[in-house]
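Order-wise, the sequence lines are chains Y and X.
Heads up, the first sequence is in UniProt numbering, so the first residue is 1 and it goes up one at a time.
Heads up, the second sequence is in UniProt numbering, so the first residue is 1 and it goes up one at a time.
These aren't lab readings, by the way, just hints derived from the structure by calculation.
Just so you know, even glycine gets a beta-carbon here, dropped at the ideal spot from N, CA and C.
Mixed in with the good hints, there may be bad ones.
Okay, the calculated beta carbon distance ranges per label pair [to be verified]:
| id | chain 1 | residue 1 | chain 2 | residue 2 | range |
| --- | --- | --- | --- | --- | --- |
| 1 | Y | Gln71 | X | Val133 | 49 to 55 angstroms |
| 2 | X | Gly54 | Y | Asp136 | 25 to 31 angstroms |
| 3 | X | Ile98 | Y | Gln71 | 32 to 38 angstroms |
| 4 | X | Thr8 | Y | Lys40 | 55 to 61 angstroms |
| 5 | X | Ala58 | Y | Lys174 | 49 to 55 angstroms |
| 6 | X | Glu38 | Y | Asp14 | 21 to 27 angstroms |
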Amino acid sequence: MECRDPVRKALLDDLDEGFGELFNAYRGLVFSTALRLTGKWADAEDLTAEAFLRAYRALADYDQDRISELQPRAWIVTIVMNVWRNCARHKSRKPPPHLFDEPVETLDPGEGVEEAALRHETGDELADLLVQLPSDQRAAVVLRHVVDLPVSEIATVMRIPQGTVKSHISRGLKRLRTLGGAR
Amino acid sequence: MTHDPIITGLAALAAEPPHDLYDRIAARWTLVPGPIGELSVAFTDRGIAYVHHGDGFAETFRRRFGRPLVRAERPPAGLVPALRTGQASGLEVDLRGISDFQRDVLLAARTIPRGEVRPYAWIAARIGRPKAVRAVGTALGNNPVPLLIPCHRVTRSDGVPGEYVFGASAKEEVLAGEGVDLARMRELAGSHVFYLGSDTTGVVCFPTCHNARRITPPHRVGFRTLAQAEREGYRPCKVCRPG
Numbered sequence: 001m002e003c004r005d006p007v008r009k010a011l012l013d014d015l016d017e018g019f020g021e022l023f024n025a026y027r028g029l030v031f032s033t034a035l036r037l038t039g040k041w042a043d044a045e046d047l048t049a050e051a052f053l054r055a056y057r058a059l060a061d062y063d064q065d066r067i068s069e070l071q072p073r074a075w076i077v078t079i080v081m082n083v084w085r086n087c088a089r090h091k092s093r094k095p096p097p098h099l100f101d102e103p104v105e106t107l108d109p110g111e112g113v114e115e116a117a118l119r120h121e122t123g124d125e126l127a128d129l130l131v132q133l134p135s136d137q138r139a140a141v142v143l144r145h146v147v148d149l150p151v152s153e154i155a156t157v158m159r160i161p162q163g164t165v166k167s168h169i170s171r172g173l174k175r176l177r178t179l180g181g182a183r
Numbered sequence: 001m002t003h004d005p006i007i008t009g010l011a012a013l014a015a016e017p018p019h020d021l022y023d024r025i026a027a028r029w030t031l032v033p034g035p036i037g038e039l040s041v042a043f044t045d046r047g048i049a050y051v052h053h054g055d056g057f058a059e060t061f062r063r064r065f066g067r068p069l070v071r072a073e074r075p076p077a078g079l080v081p082a083l084r085t086g087q088a089s090g091l092e093v094d095l096r097g098i099s100d101f102q103r104d105v106l107l108a109a110r111t112i113p114r115g116e117v118r119p120y121a122w123i124a125a126r127i128g129r130p131k132a133v134r135a136v137g138t139a140l141g142n143n144p145v146p147l148l149i150p151c152h153r154v155t156r157s158d159g160v161p162g163e164y165v166f167g168a169s170a171k172e173e174v175l176a177g178e179g180v181d182l183a184r185m186r187e188l189a190g191s192h193v194f195y196l197g198s199d200t201t202g203v204v205c206f207p208t209c210h211n212a213r214r215i216t217p218p219h220r221v222g223f224r225t226l227a228q229a230e231r232e233g234y235r236p237c238k239v240c241r242p243g
């Protein structure tokens, strides 16, 4: 018999208390993912709260068997991705009000993203580059390198083959280097 | 092994959510004394969301609100005194998830002072939907925060208490505790009196309005309809606003 996941066990014992365990176990993972996908603190809070609420509502309808088969980490991240994609779809229906009003940051032209990352003060330069990536590449890079999910789990979460995950990651990283170098 | 600064930089982008984020997800609950016995109360970061009497609190809350419940260390500030005094209009309530119509109905009911009652049609008129009297009854019957939004103060104008979330007898009990004399309303209704006027001020009120209760018997005039009172030169009270 496999060693039981403690979150799953807590959910089976008592849904409301177990949900607190689920939140504590994955809040950093979910929030980090949300923050680096959306690029905005307030959006990340909204996305995190919405994803956990949906998770709770789904769990309330699951029977014991379904909960005992749950892979909590992949499951919660899948919900985050769904909520994020739905929000992005809603936003893309109307054009952003100020398309060209993004603040132009002045960086030392000699400093590439590598050096900026090395200085790693807040990581904000890198975070800004991250949101410029196409959404699939951004998602794959965030899941792999910000929150450290294995490629196999990212494939499950994004519902794409592992090979595609790897190519999104390598293209994403390459583009980050290019974008960083172009500054 | 090569050290890739981009990979290191990405790993450093992980962040913890603000410590109070769980309050946006879960509701807290507590047991408090109320006028008809112990009440279970759930509240969120926006205010009181649910007041329940009797069994089945957690299951009903889960079905209705779809949020986890966490036991609170103490009741939110102001809740216990609000229940004791019947004056709860200063308390924050969380009315997310209800229709605009129900919200309007509940906020109108919230303006009725302790010790007074208004008919269902009064709420309907107040919210600009004079024909929606039945829907007003339904909206009040689904009040998520009874006692804090005093839906018990909306009664039939013949002095019969009418439906209530916690049952008709609880409604009469709560109203009696607030000093409403439903028996007297029934007596007046038996003589077809639904409004009371004062022949000294020329003002006409609902019978439980504090202005009506001050009229001395020799000057008290009963009316069946507001139109009848107005024909005789009375104007509607600006406090209880019968018209």
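Going through the hints against the structure:
Gln71 (chain Y) and Val133 (chain X) have their C-beta atoms about 53 angstroms apart, which keeps the hinted 49 to 55 angstroms range intact. Hint check: Gly54 (chain X) to Asp136 (chain Y), Cβ distance near 52 angstroms, so the stated range 25 to 31 angstroms is violated. One distance hint, 32 to 38 angstroms for the beta-carbon pair Ile98 (chain X) and Gln71 (chain Y), holds here, with the actual separation near 36 angstroms. For the hinted restraint 55 to 61 angstroms between Thr8 (chain X) and Lys40 (chain Y), the CB-CB distance of approximately 24 angstroms leaves it violated.
Against the hinted window of 49 to 55 angstroms, the Cβ-Cβ separation of Ala58 (chain X) and Lys174 (chain Y) comes to about 52 angstroms, which satisfies the hint. Hint check: Glu38 (chain X) to Asp14 (chain Y), Cβ distance near 22 angstroms, so the stated range 21 to 27 angstroms holds.
Of the numbered hints listed earlier, those contradicted by the structure are 2 and 4.
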